[in-house]
Amino acid sequence: MSVAITPVMLGQVVVSGILAGSLYALVALGLALIFGVMRVINIAHGPLLMLGAYTTYFLTTGLGLNPFLTLPVSMTLMFLVGALLQRTLVFRVVDAPELSSLLLTFGISIALVNLAQLLFTSDLRAVEYITGAWVVGPLAFSKSRVIAFGFAAAVTALAFLFLQKTRLGKAIRATSQSREVAMVCGIDVQRVHLITFGLASALAAAGGSLLAVIVAIQPEMGQVWTFKSFLVIVLGGAGNYPGALLGGLLLGLVEQLASLFLTTQLSEVVAYVLLVLVLLVRPTGLLGGRQV
Amino acid sequence: MSPAVAVRHPLSLRVGVAAGLAVLVAALALYPLVGSGYGVRSTLQVFAWIALAGSWNLISGLTGYVSFGHVAFFGIGAYTGAILITQHDWPWPLAAPAGGLAGAALALLIGWPCLRLKGPYFAIAMLGLNEVLRALVSYFEGLTGGGSGLSLPTLDATRPIYYAMGLLAALVVAVTYLIVTSRFGLRLMTIREDEVAAEAMGIDTFRHKLYAFLLSAVGPGVAGALTARDQGYIEPISVFPLATTVTMIVMVLFGGKGTVWGPVLGAVVLFVAQEMVWARYPYVHPMLFGAIIVAVVLVMPRGVLGLLQTRYRLPRTI
Amino acid sequence: MTRRGLSALIAVAVVMAATVPADAQGPIRIGASLSLTGTYAKLGKNQHEGYKLCEKDLNARGGLLGRKVEFVVYDDQSTPATAVRLYEKLITEDKVDAVMGPYSSPVTEAVANVTEKYRKVLVAPLAATTSIFKKGRKYIFMVISPAEVYLEGLVDMAAKRGLKTVAIVNEDTLFSKAAASGAEELAKKKGMQVVFKEAYPKGNTDFSALLTKVRAANPDVLAAATYFDDAVALTRQMRELNVNPKMYGVTVGGDLPEFYETLKQNAEYVYGATQWEPTLPFPGNQEWFETYKKEFGREPSYHSAAGYAGCLIYAEAVKRAGTLDADKVRDQLLKLEMRTIFGDYKVDQDGFQVAHKMVTFQWQKEKKVIVWPEELAAGKAIFPTPPWNQR
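Residue numbers (my numbering), protein chains in the order written: chain B, 1 to 292; chain C, 1 to 318; chain H, 1 to 391.
Only chain B is shown next, with the shape it has when bound in the complex (with noise of 0.2 Å):
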């Protein structure tokens, strides 16, 4: 009961993978971020997301913004959010062994899921915004995937440019090569740290705002992304955040791939299975990065 796979079909699937995979190198790059800077694997990244997305929601269906004009809005937010969670909690355990960053961030991911569980109850939300595709020959763009590509490509070079041309974009790169060195030449750790963690954090919300249009908002909806964030980094190569984009077109374009092909239900096993092949045969990841 299956269909022969046509060459469009397979077109149709790749545009899908690209535009899915956008998000995920946007999200990625967050966590690729606070993992280079901190050494610390943020599990509450993917909650962040989720804050974002009802972010949007709220003002989209509360104010009547224009969804896609409520990213700045949860950026800003959610970099305050990320940096008070530094300021207050995550300093504490930047210095410490793993494991008390990861379960810290594992508890306040899980705090965050629940309070908004209920706060805004488990009820699914969604932002009606584009519906519709733009026809180009056989294949159908997705609108309002297609101008979340947009967004997120926009949001993701805009990161790039900070961390290339900025004096703060540079302190944080020089942070994230060697913490000691970027002491001795005179910046303020502290400081790169905070702001690191805000603008993750901020990176995660764009992600989630931009998602809010596309699919159903729910309390949990976040988890899931903590996962894929880190499985980019893996693919591109921790430490490496140009590794982070093609890390995040891979991981979309082998989802949709693993669903044309087999079926939709093994596209998250065939993801994890990568991940795993990876980490056997090239930990550094496919770009090559910095060995942890």
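In short, the hints are calculated from the structure, not lab data. A hint or two may mislead.
Claimed, not checked - Calculated cross-link-like contacts (lysine-lysine; reagent style DSBU-like; alpha-carbon spacing at most 30 Å):
no.: 1; chain 1: B; residue 1: Lys143; chain 2: H; residue 2: Lys264
no.: 2; chain 1: H; residue 1: Lys160; chain 2: H; residue 2: Lys190
no.: 3; chain 1: H; residue 1: Lys160; chain 2: B; residue 2: Lys143
Claimed, not checked - Over the 10 Å line for every Cβ pair with chain C, so calculated as not near, a few chain B residues:
no.: 4; residue: Phe58
no.: 5; residue: Leu124
no.: 6; residue: Arg191
Glycine residues also receive a C-beta, built at the ideal position from the N, C-alpha and C atoms.
Fit chains C and H to the given chain B structure using the hints.
For chains C and H alone, coordinates are given in the frame of chain B:
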């Protein structure tokens, strides 16, 4: 016990502890004869939590490698047990150890690639594991019944399973004690404190981590098979919930990670609290779990038992 | 208040507390665990409200067997293991007089082992899986229609219109799987060809690849066994990928007001199936709908109605048996034929529901119009569905 870690406590203390334990075991063994159905089932559940939390402690408490997906071993044990019972007519006392073996086999499959690396790779690989297994179990429906789940033949075996689960919990505690008081355990804790130093000392860290991980997967596997038999029905969603992992972690952290009795203390206290108090405030308690994790990590990283150990100078092997 | 006054008051209260139960026999206590938190929280809450309203109505009519009725409800966090323990507690510690079913099939399946062990009648108003009732259990009774018939209306209408091919997609969970296999069997029986069938995981959000395959299979009918979030995502992406079968129907979720609110005009012409609608012509249905809204400040779902009806059905059987004795109540439940606000009740010798009918509706101009079965239909289906850009 190895002389390196033998701490001589006064004889009277040791006799007292042994006598206390004997009375406790006797009381628990007799309880099903007098207890209500609910009491027996709740105690059975406490045993299960002790086995689960104690097992998590073996890998994460001792080596510091955080397993965010330990429920995967519980689930794989449940399915192994249920499949052997329904499709191969195994008696459950044989199917239960088989569930433990299945847990260990899965641990080997994941641990082999992921424990070679340092850092959080292992933690994250475990984070996705329960979802992946849920998908696999749903997909291979010829074997597992897929989303329809597996129904076991009706059998009222709550009392025998009570004893089996009690034995399992006791074994997990005993194994933890043996490890904590052995060289093997010391090496594991060295890995936790400083893996590079451990390697420099000539410890084959990969092998040690892998052994600890395999051991930690057996208990949940057996507990899963026993639970499947007791409940009589399993399906993918109910045997792979993230919440079970969260509860294991909270119990160990609260009681005191890396200790012998910490997970037991955590399991008993949190289970009782959950049944008595939090059941009335259903929406608050999962959030409280998150808060407990944060608070324990920041304020008392060694848990309640760790606090008592420091204050009353209790031996480390408690 | 003075101290003496207070102690006098306490003394009076104690005396009253001691004498009241001696007067009557005390209330009939009915125990249940419900999914008030966790995965099924929302639906479990609706069922709970159904029970509450039933308790109120029974007591307003003088109770049951001359005694007041009182529900004892716990939260099972949507997990079978917790529910099993809670039913043990209800039966062995709280010593309730009777029990009612929990929410969802997996939980009911696990709980049934306990209630059978203690020979308690279990009217399970929200278990739709056939296998639960076909395992030789004696005391369990079904209220709603089984999952297998959810897509019956869609397939039946399609066959009558002479459509030939059907594609079936479903979430890979208990209920949806049963609904999909029911649809497949029926379609084959009606001489239709199943050209595509595939499952997707719970929580899936991207259906592009799946729908690309559906589009290639080009079926006349797309039958989707869904819950709410996947029903919405699937419909959205069908529009985006321009998958436009002549008929497209979903199972659960399509009947919620949120389905239309979310999808707006894209929900138009979508078929859905439901166990119950407030507009159905059952005695007292309209009034019950209004009472419920007044009582809880929101509209009931079929879970509320099924919970309410299940409780009434149990009460009716007790009334006829004149006792709470499990075997006598069981005999009555096996014989009983009853029409409630939820529709008809009648079970076979296994306690399996045979009388209750599912209805199929189509979204037309923001309203759910019941189009199947003919005897309950309120309007005609608009066929075939127009292209997406004309909705």
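Which earlier hints turn out false for this structure, listed by number in ascending order? 3
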